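Residue numbers (the working numbering), protein chains in the order written: chain A, 1152 to 1546; chain B, 356 to 617.
Bear in mind the hints are in silico, worked out from the structure with no lab data behind them. Fair warning: this is a prediction, and the values are worked out from it, not measured in the lab. Take every hint as true, because none was put in to throw you off.
Derived BS3-like pairs: lysine-lysine, alpha-carbon spacing no greater than 27 Å straight-line:
(1) B:Lys-541 <-> A:Lys-1254
(2) A:Lys-1254 <-> B:Lys-542
(3) A:Lys-1305 <-> B:Lys-542
(4) B:Lys-523 <-> A:Lys-1155
(5) B:Lys-394 <-> B:Lys-597
As a plain string of letters, each chain reads:
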Amino acid sequence: MNTKGRFGKYGGQYVPEIVMPALNELEAAYKKYRNDPDFLNEFRFYLNEYAGRPTNLYYAKKLTEHYGKAKIFLKREDLLHTGAHKINNALGQALLAKRMGKKRIVAETGAGQHGVASATVAALFGMECHVFMGALDIERQKLNVFRMKLLGAKVIPVSSGTGTLKDATSEAIRYWATNITDTHYIIGSAVGPYPYPEMVRDFQKVIGEETRAQAMKAIGKLPDYVLACVGGGSNAIGMFYDFRNETSVKKIGVEAGGRSDANGDNAKTLSGTGIPGILHGAYSYLLQDDDGQVIEAYSISAGLDYPGVGPEHSFFKDTGIAQYVSVTDQEALDAFQRLSKIEGIIPAMESSHALAYLEKLMPETTPDQSVVVCLSGRGDKDVQMVAKALGEDIE
Amino acid sequence: MSTRIDNKMAALRAAGKKGIFIYITAGAPDVETTLRAVKEAEKAGADLIELGLPFSDPMADGPVIQTASVIALKNGMSLKKELEIMREIRKFTQIPVVGMGYINNMYHYGFEKFVKDFKEAGMDGVIVPDVPHEESGEMRRICAENDFALVEFITPGTTEDRMQETCKDAKGFVYCVSNNGVTGVKKIDYSTIGAVCANARKYTDTPLAIGFGIGSPEAAAEAAQYADAIIVGSAVVGRLIKGKEQEAMDLIAAMRAAIDAK
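Just chain B, same shape as in the assembly:
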């Protein structure tokens, strides 16, 4: 099993706490900031890091992460560089880290080699938003063989039969997309995905994490009540690329406090 993720989620459950997953685009605005942000995010209360692996055409991402991806690619990011970043991260923390990137980069690198290399560098799993369950059979096999979590997605539109299939194969955590659309902060009624999460519980014990749209401590607390964890991306990345690193960390700390207070 993907030990770091499973141990962390088990510890949170035992303590009656909800997890905060923070997405950070590798190399935006620069590698130093990325490494520092990982370290500081953990101190501020993050339980897991999603390391964004920038792609030229991020179909599932809104304007903030698109911009971060452009910046990172201009900074010369590539899977080889991102592998080095992963190794650097493991020099100072054992926080669970999952990569989040698009299939073409990994396919071009060789998916099996990608899994083996990043696992060796200390990564615990991967999220590939442009590969739905129907297309991920071979990837699931490779990840299972290498004890690397391939994160599955469910959304408010996922039909019952597909949810059952998806949940059956879930490893690490299930990414529960809060609403239709792409990443980015917006006002959302989280009870919709809350109902989806309640339904998914019938099919899996794998932790559920709600993402997309969460940008404030209030939204974080509201979403967290329906799941095991929340995922915050654009709200943090947007601040990092504007040079507002402290503000990003303060936001994570405020989310931590708001969730823990519930």
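Chain A with its partners taken away, still in its complex shape:
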């Protein structure tokens, strides 16, 4: 086994030979700039001045009172420019792409948040942008499709396979392979071949670093629990990473339990029937059948229905650094409405999964404890879909 870029045994570089020179070029650039003061200053500048960091660690007093147990804090990534944590990674990768002299950005997107973030940074830095999106997701996320077009990106529908995130990712890789010399592929989650999982995590780890400092200031100690939803797992790894050696901080990743435990009805890669396998360049847990064919994941949330997961999460699962659970579509829908009514915050359906787990977790906690939920994105994009799920006609 090639040990480069592995998290334990997970990760690696399972890509066609065509892609290898580009991965090597990216690795070299990333190693050169990851500790370069000029690069880090520029990244920090755009995170703060353009995207709106640091994000608040908000004490959700009413939600805390609702459960009457541990204090609940929300890490407000939803307040970032473009409405989700995805902008952190998109800014970092675009700045890197610029230094590598790339003229074009290609990205895949599920819910459209990463597509919007990529289109945004492409506009900001004057690069061309192509976003691959599953045909089914285009239907589910019309608002984000239009936003990407407004930002000057080309949105390319993918109808191969089942027309969702997994197929859009394959198509983005194919496009990248075809235009490898002048194009940078901004992977939207902490997935894919090395160096992507490590690089995306590094661009997202600011979430956990801020949370640590903010918790110390607010309560004088570290939180007892940090919760984040997991599709590919970029907001979760961003939240967990700085706490990875803190055994007192329980790190819980919440996957999409979908509509049932049957194959094809959920996205429980780590918390369900997934076993290690290889998809989109990395060795990691994977939903697959008896022949090693990938099983399509399902979730009400277009950002969570991915059959794989970031390799570092697989490592965290096996080593017990983090634990992974799931909530159903219905539980997430309930949490979506609960936070809207109690706190006046409409969360993304993805983040609603993390919020939904509070129903199971809170009874086990005590008032002297504290829980941080990563509110990875805002829910405006989901309002239409939620209305439909609740039987309301707002067309």
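The hints should help you fit chain B onto chain A, whose structure is shown.
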């Protein structure tokens, strides 16, 4: 050594001829067609068959082979079924056959078991397009122990040091990818990969086969001048899944004639 491949390539070299490798997705449009196509392709002039082992997410393949993979999987293809197909093929021909599939299927089956079972069924080697040289160390060891060729890739972007490494370990033949991108017929200037092939000759005597994009007798003849063989996939598979079997075989025969005429 992978005797069937090596013997075939030695015979072609001795006769001053270039090889034609034909890719056929197992089970698309159906198993009967696959078996018949293998038989007829050999008659039309094919020297080696790449038997496509369909995967749900074929990252290195263009639309035609993606479609063929979907059809084959709907037909219930699996490595177990493909093993039976391989056994059937050996009942009527000794043409060299290499599998072409993606790592997750083989990993899930157990790579060593995959090699042993398919070798026993009569397969001569395997092409795994989503495993680059850096990740194939263990697979190379298993294949070497079982006298099963693990086909290596080079492309116009492969750097000198990596080409040297790759060529050093090449078995059976080296798959020379003609241009950036995925499988599928398109117009390509083959002199680019031609220069890469000339360079690779410095490092290996293993036969070189150019693939990706070849869809006409003219393209076949042009590409063949730079290598020991050409690989044709989408142009044949596209016709097979449309039920145009004869047209596919006529194309192979026309490619044979065009290459031999050069």
